[in-house]
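Residues per chain are reported as follows:
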Amino acid sequence: MWIVTKIADLVQLKPQDFYKTSLEAIEDKINEKYANKVIPNIGLCVCVWDITDASEGLIGQYDEPARVAFVTNRRHSVEAEKVWLWKSDEETQLYYDTHEIVRFMVLEERWYTQPPTKPKESTDSDAPTKTTYQAPYSIIGTMAAPGLGITLWWE
Amino acid sequence: MKILEAQSAVLTNYEVYQHLTDIRKRNNSSQPKRRMPEDAFRLSKEVLEYLETKPYPLHDQKEKQHYSQATLELLCEKLAEKFPDITKAEGLAIFDVRPTNIPVLAIIVESLEDRYTEEEQQQLVDLVIEVLGQDDPEPEEEEGEEGAEDGDAVQSVETANGA
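Chain order of the listed sequences is A and B.
Under the UniProt record's numbering, the first sequence has 31 at position 31, and the numbering climbs by one with no breaks.
Under the UniProt record's numbering, the second sequence has 33 at position 33, and the numbering climbs by one with no breaks.
Bear in mind the hints are in silico, worked out from the structure with no lab data behind them.
We put the CB at the ideal spot given by N, CA and C, even for glycine.
Accuracy of the hints is not assured; some may be wrong.
Said to hold, decoys possible - Pairs of lysine-lysine, BS3-like flavour, derived with a Cα cap of 30 Å:
| # | chain 1 | residue 1 | chain 2 | residue 2 |
| --- | --- | --- | --- | --- |
| 1 | A | Lys-14 | B | Lys-33 |
| 2 | A | Lys-20 | B | Lys-2 |
| 3 | B | Lys-33 | A | Lys-6 |
| 4 | B | Lys-78 | B | Lys-64 |
| 5 | B | Lys-64 | A | Lys-37 |
| 6 | A | Lys-14 | B | Lys-45 |
| 7 | B | Lys-25 | A | Lys-33 |
| 8 | A | Lys-20 | B | Lys-45 |
| 9 | A | Lys-118 | A | Lys-6 |
| 10 | A | Lys-6 | B | Lys-82 |
| 11 | A | Lys-14 | B | Lys-54 |
| 12 | B | Lys-33 | A | Lys-33 |
| 13 | B | Lys-45 | B | Lys-78 |
| 14 | A | Lys-37 | A | Lys-6 |
| 15 | A | Lys-118 | B | Lys-2 |
| 16 | B | Lys-25 | A | Lys-37 |
| 17 | A | Lys-37 | B | Lys-88 |
| 18 | A | Lys-33 | B | Lys-2 |
| 19 | B | Lys-82 | B | Lys-25 |
| 20 | B | Lys-25 | A | Lys-20 |
| 21 | B | Lys-78 | A | Lys-37 |
| 22 | B | Lys-45 | A | Lys-33 |
| 23 | B | Lys-2 | A | Lys-6 |
| 24 | B | Lys-2 | A | Lys-37 |
| 25 | B | Lys-45 | A | Lys-6 |
| 26 | A | Lys-37 | B | Lys-54 |
| 27 | B | Lys-64 | A | Lys-6 |
To be verified - Per the computed footprint, the stretches of chain B lying under chain A, defined by three or more beta-carbons under 8 Å from a beta-carbon of chain A, are:
| # | stretch |
| --- | --- |
| 28 | 9 to 15 |
| 29 | 28 to 37 |
| 30 | 43 to 57 |
| 31 | 61 to 68 |
| 32 | 99 to 108 |
If we strip away everything but chain A, and leave its shape as in the complex, we get:
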């Protein structure tokens, strides 16, 4: 599923972007900042859908002109189908081969915000402190229902 989310943000345009029109420059900056990133409880950002409003530019404190882009719309996806790798055999002998496309039902979305890493403590212990990384956004789904599973079964 794809949704449009309205966001207000301030972006800084540097002199090297001046050859672009301001709308293009703002769009590129926003794409750079958001695309392929997860916003908690919203989803994965794909790209700018539309720029609904942009204010006049402001001059920043380092004499670099900055422009304020207000309200950008982006999309997120909770996909209904995805390549899933799984091997199992059931009584009916349906195999999940690798690289088959399956259809699954989304049961749950899980969000995880990575806390900042601790600063290195004393040098006594050389053992590197392990930080566990977790996907910021995971989807729990099921294929245990009629119509779900490898799409070819239902053709």
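Using the hints, position chain B against chain A.
Positioned in the frame of chain A, the structure of chain B alone reads:
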């Protein structure tokens, strides 16, 4: 950064597909060629590839043009007319997934069997095929020919309606 509206609209796969292909066309035709920032470029490429994968109904959009703004409107209109109980979200999923058989329809429409008789279920599938088309049957042995005739039959029904 401030989120003004978490969900101001829902988009269909087709709209996303169209938006991304439009951006690509626009960027390629501008002088000098424009390029999206790295992450956005890669992600939009992946999304396009994903949408163009079989069995997604958009996989042959380039050749067949089954999908357009007009078919979306037509589908909404016909659903409202014949199946007014179908919710907006279900309509969206029907448009995106294009269920051409009942088991697939059943995962989209909640408690399908309680809400519609078998006949109505089949009518709904037929409506989807009429408006959104369907994949050409796999060309395997003799069955392929029969399938092709079915496809033609659907088209001629459309023209008959138009006439």
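Structure-based check of each hint:
1. A:Lys-14 x B:Lys-33: The hint holds at about 20 Å.
2. A:Lys-20 x B:Lys-2: holds, 26 Å
3. B:Lys-33 x A:Lys-6: holds, 28 Å
4. B:Lys-78 x B:Lys-64: holds, 22 Å
5. B:Lys-64 x A:Lys-37: violated, 34 Å
6. A:Lys-14 x B:Lys-45: holds, 27 Å
7. B:Lys-25 x A:Lys-33: Measuring from Cα to Cα gives roughly 22 Å; hence the hint holds.
8. A:Lys-20 x B:Lys-45: Holds: Lys-20 (chain A) and Lys-45 (chain B) sit about 23 Å apart, inside 30 Å.
9. A:Lys-118 x A:Lys-6: At roughly 33 Å apart (the allowed maximum being 30 Å), Lys-6 (chain A) and Lys-118 (chain A) break the hint.
10. A:Lys-6 x B:Lys-82: violated, 35 Å
11. A:Lys-14 x B:Lys-54: Violated - the C-alpha atoms of Lys-54 (chain B) and Lys-14 (chain A) are around 43 Å apart, more than 30 Å.
12. B:Lys-33 x A:Lys-33: The given pair, whose Cα atoms are some 21 Å apart, holds under the 30 Å limit.
13. B:Lys-45 x B:Lys-78: violated, 33 Å
14. A:Lys-37 x A:Lys-6: Holds, at roughly 16 Å.
15. A:Lys-118 x B:Lys-2: holds, 27 Å
16. B:Lys-25 x A:Lys-37: holds, 24 Å
17. A:Lys-37 x B:Lys-88: holds, 28 Å
18. A:Lys-33 x B:Lys-2: holds, 14 Å
19. B:Lys-82 x B:Lys-25: violated, 38 Å
20. B:Lys-25 x A:Lys-20: holds, 18 Å
21. B:Lys-78 x A:Lys-37: Not OK: Lys-78 (chain B) and Lys-37 (chain A) at ~38 Å, beyond 30 Å, violated.
22. B:Lys-45 x A:Lys-33: This hinted pair holds, its Cα atoms lying about 18 Å apart.
23. B:Lys-2 x A:Lys-6: holds, 9 Å
24. B:Lys-2 x A:Lys-37: holds, 15 Å
25. B:Lys-45 x A:Lys-6: Holds, at about 23 Å.
26. A:Lys-37 x B:Lys-54: Holds: Lys-37 (chain A) and Lys-54 (chain B) sit about 27 Å apart, inside 30 Å.
27. B:Lys-64 x A:Lys-6: violated, 34 Å
28. 9 to 15: With 6 residues in contact (Cβ-Cβ under 8 Å with chain A), the coverage given for the stretch 9 to 15 of chain B holds.
29. 28 to 37: holds (count 3)
30. 43 to 57: Coverage by chain A holds here, the residue count being 8 at a Cβ distance below 8 Å.
31. 61 to 68: Answer violated; 0 residues pass the 8 Å Cβ test.
32. 99 to 108: Holds: 6 residues of the stretch 99 to 108 of chain B have a Cβ under 8 Å from chain A.
Consistency with the previously given hints fails for numbers 5, 9, 10, 11, 13, 19, 21, 27 and 31, ordered from lowest to highest.
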